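Participant: Respectively, the protein sequence lines represent chains A and B.
Residue 381 in the UniProt record's numbering sits at position 381 of the first sequence, with consecutive numbering throughout.
Residue 4 in the UniProt record's numbering sits at position 4 of the second sequence, with consecutive numbering throughout.
Simulated from the structure, these hints should not be mistaken for lab results.
Small disclaimer: the values here were computed from a predicted structure and weren't measured.
Just to be clear, a hint being listed does not mean it is correct.
[Stated by the list, open to error] Here are some of the chain B residues that sit facing chain A, going by a computed Cβ distance under 7 angstroms:
| # | residue |
| --- | --- |
| 1 | ARG44 |
| 2 | ALA45 |
| 3 | PHE48 |
| 4 | THR134 |
| 5 | ILE158 |
| 6 | ASN244 |
| 7 | PRO249 |
| 8 | SER250 |
| 9 | ILE264 |
| 10 | GLN266 |
Virtual Cβ for every residue (Gly too), placed ideally from N, Cα, C.
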Amino acid sequence: MKLTKIAAVAAASAVALTALAACGGSSDGDKAEGGSDTVTLWLAGKEDTPKKVEDWLVKEFAAQHKGKNLKVQHIDWGELIPRLNTALQSDKTPDVVEVGNTQAATFTSVGAFTDLTDKLDQLGDNIGPKSFVEAGTYDGKVSAVPYYWGSRYIFYSKKAFKDAGIEIPTTLAGFNDAAVKLKADGGDKYSGFWLPGQDWRNGISWIFANGGDIAKQEDGKWVATLSSPESVKGLTELQGLYEKATTAPKDGKDAEPWTAFNNGEAAMFMAPSWARWSVDKKKAADLGGFALPGTEGGAAPVFAGGSNLGISAKSKNQDLSFDLLKLIYSDEFQQQLAKNGLGPANDTFTGLMGDDEFAKAAVAAASNSKLTPASPEWASVESASIMEEFFGKIASGGDVAAAAKATDDKLNAALNK
Amino acid sequence: MSSTRLRRKAGPYALLVPATLVLFVGMAYPLGRQLMLSFHEFGRAQQFGQPAPWVGLDNYRELVTDRTMWTVIARSLAFCFVNASITMVLGTLIAVLMKRVATAPRLILQISMLLAWAMPVIAAMTAWQWLFDTRYGLVNWSLRKLGFASFDGHNWLIDPLSFFFVASVIIIWMSVPFVAFTAYAALTQVSEETLEASHLDGATATQRFRHIVYPTIKPVLTIVALLQIVWDLRVFAQINFLQNVGGTPSETHLLGTYIYSLGIGQNDYGSASAMAMFVLVLTLVLTVRYVWSLLKEEPR
Numbered sequence: 001m002k003l004t005k006i007a008a009v010a011a012a013s014a015v016a017l018t019a020l021a022a023c024g025g026s027s028d029g030d031k032a033e034g035g036s037d038t039v040t041l042w043l044a045g046k047e048d049t050p051k052k053v054e055d056w057l058v059k060e061f062a063a064q065h066k067g068k069n070l071k072v073q074h075i076d077w078g079e080l081i082p083r084l085n086t087a088l089q090s091d092k093t094p095d096v097v098e099v100g101n102t103q104a105a106t107f108t109s110v111g112a113f114t115d116l117t118d119k120l121d122q123l124g125d126n127i128g129p130k131s132f133v134e135a136g137t138y139d140g141k142v143s144a145v146p147y148y149w150g151s152r153y154i155f156y157s158k159k160a161f162k163d164a165g166i167e168i169p170t171t172l173a174g175f176n177d178a179a180v181k182l183k184a185d186g187g188d189k190y191s192g193f194w195l196p197g198q199d200w201r202n203g204i205s206w207i208f209a210n211g212g213d214i215a216k217q218e219d220g221k222w223v224a225t226l227s228s229p230e231s232v233k234g235l236t237e238l239q240g241l242y243e244k245a246t247t248a249p250k251d252g253k254d255a256e257p258w259t260a261f262n263n264g265e266a267a268m269f270m271a272p273s274w275a276r277w278s279v280d281k282k283k284a285a286d287l288g289g290f291a292l293p294g295t296e297g298g299a300a301p302v303f304a305g306g307s308n309l310g311i312s313a314k315s316k317n318q319d320l321s322f323d324l325l326k327l328i329y330s331d332e333f334q335q336q337l338a339k340n341g342l343g344p345a346n347d348t349f350t351g352l353m354g355d356d357e358f359a360k361a362a363v364a365a366a367s368n369s370k371l372t373p374a375s376p377e378w379a380s381v382e383s384a385s386i387m388e389e390f391f392g393k394i395a396s397g398g399d400v401a402a403a404a405k406a407t408d409d410k411l412n413a414a415l416n417k
Numbered sequence: 001m002s003s004t005r006l007r008r009k010a011g012p013y014a015l016l017v018p019a020t021l022v023l024f025v026g027m028a029y030p031l032g033r034q035l036m037l038s039f040h041e042f043g044r045a046q047q048f049g050q051p052a053p054w055v056g057l058d059n060y061r062e063l064v065t066d067r068t069m070w071t072v073i074a075r076s077l078a079f080c081f082v083n084a085s086i087t088m089v090l091g092t093l094i095a096v097l098m099k100r101v102a103t104a105p106r107l108i109l110q111i112s113m114l115l116a117w118a119m120p121v122i123a124a125m126t127a128w129q130w131l132f133d134t135r136y137g138l139v140n141w142s143l144r145k146l147g148f149a150s151f152d153g154h155n156w157l158i159d160p161l162s163f164f165f166v167a168s169v170i171i172i173w174m175s176v177p178f179v180a181f182t183a184y185a186a187l188t189q190v191s192e193e194t195l196e197a198s199h200l201d202g203a204t205a206t207q208r209f210r211h212i213v214y215p216t217i218k219p220v221l222t223i224v225a226l227l228q229i230v231w232d233l234r235v236f237a238q239i240n241f242l243q244n245v246g247g248t249p250s251e252t253h254l255l256g257t258y259i260y261s262l263g264i265g266q267n268d269y270g271s272a273s274a275m276a277m278f279v280l281v282l283t284l285v286l287t288v289r290y291v292w293s294l295l296k297e298e299p300r
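From just these sequences and the hints, can you work out the full model?
Facilitator: Following this line, the structure appears as structure tokens:
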């Protein structure tokens, strides 16, 4: 019976292909080569740690440790949490990993990282920023140490400001007006302020600036406060910007906000300090920076960006891994971080970030920065895209109060699990 | 004498051992573990070594009383039905077309379909994402040039229905070649003599298709349809990719992405396992008729 045969072969090959696909899927999570001669470092993002800084680290580590070497693997921010969830408890764990500061609690709370409390002084006397050390502390044990910090500030086109006759705004209301005016001058395709709808990490600044917050702790429970009058005020301002100041996609996220600027389609965008190096070289002279102003002047509280480092508790290379941390905390490496616009953990070198407008904007923005709720469950909020969806709704013109209330319910459920 | 017979008897069974072993390691163990997990509370703490408390049917109870699950199931069934049907119809039509056209156009058709089918999913998805990009996408650009001004900066992913339209286009594009090739292979087996004889007896083209061609290729179509249903029901990579670039994940979850978001995303492995058990049952219910009709076709 020929046909049954064809059918059988078709089915068998289909099953085989499915199986192959499954193999491909799982093996890419594995490491190619383990072995105790190699220390594996997981860095988040493609080039959040600049390539040459990373190269220096690899070279220097090999030079200091004969016969040993350092292998760096880059994990996209979007898949970092799921990958760490599975990798950190497997036998093929990476040795040292970078996590976002707000994600650290997820892993410190379950003992996924080695306790470093007793060894902290070996890394340096003034490890900071304080909020980052706290983010890496659980039950009084420090197990994730600060890697670098950055703060979000506004990048702008000097030419666009000059053409529109606008000065650098000193209050948040002034900033909002400027963004709307720049958009009106620039036309349909032009963004006064590039603000993708689901980019909550930047959008949250408007909530913070108006005195609102994501959630606060009451009697050991988290209570979401996105529907508080202060938060709603900020969100309403933000909705005005989505409507009148930007052409960014309503479901866009915070990836590569400089693209529109490089294409001459946006006058301003908001990003962490290292975004500066992604702006087209031809545009460098036109690029300026300032901290997002607060409602009453000064710098608005913005979301503190940055990362922590932890040593996997399952790593078989504990000593070598700590050596790597020491190398990262060495003066030389800290200086390189600072020179590249990344806030160094050792604040002796903060000055090296420069004294131009960018460095000033970074330091001003950092002076007033905030973190997300320090709940171990926050990472679940991030992987469920709760905040992305919420800001997307606001950007699409949804009812602010209703959306805020609905999201508060989701946050309360997720944070108090 | 008797030992030869025994060997003859044992031989075929011995040959089954490797396959059974593979099935056991690959299917039975994970399935058993999944079943166990679904009765436990298993979260991040358990993953990192805490004991997992037995919660009986709690995970199931939570899911059944949560409207989300039913919405996701309904959405998945609708998505699966639409995609599998369109894929089957298109695939069969293309197979018939391949049978009719001359060699050169057939080869071109076959090669282009083979390329579409062989394309790695993520690479293809990246290209599709660019095609449907809000600002710089070719689709919006073309529609605009054709006079549809409203597609300037049109967002394809933000509305769930439109999201699934894009997803369907991509998934059908990826699955039609397999159906077309298999159906084409089956079509080549249709006996020319019978067709010619029926032609001489005055059967119309429709009659020939219904009474000769279709019965001959039916077993193949059945098994392909079966695979298609299974694939479209557990579609994951394409949806997950689109959710990452835009859209509203909570409104676009299908079974696969929902389980992923429960388990890997939110570390609720107990609920995710319970949900996966539902999907297993659902798949069985959906496909039992096909499997049954396949078994009936088997020569005894």
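Participant: All hints are to be evaluated individually against the structure, with a verdict given for each.
Facilitator: Outcome of the hint check:
no., hint, in the structure
1, ARG44, "5 angstroms, holds"
2, ALA45, "5 angstroms, holds"
3, PHE48, "4 angstroms, holds"
4, THR134, "4 angstroms, holds"
5, ILE158, "5 angstroms, holds"
6, ASN244, "6 angstroms, holds"
7, PRO249, "5 angstroms, holds"
8, SER250, "6 angstroms, holds"
9, ILE264, "4 angstroms, holds"
10, GLN266, "4 angstroms, holds"
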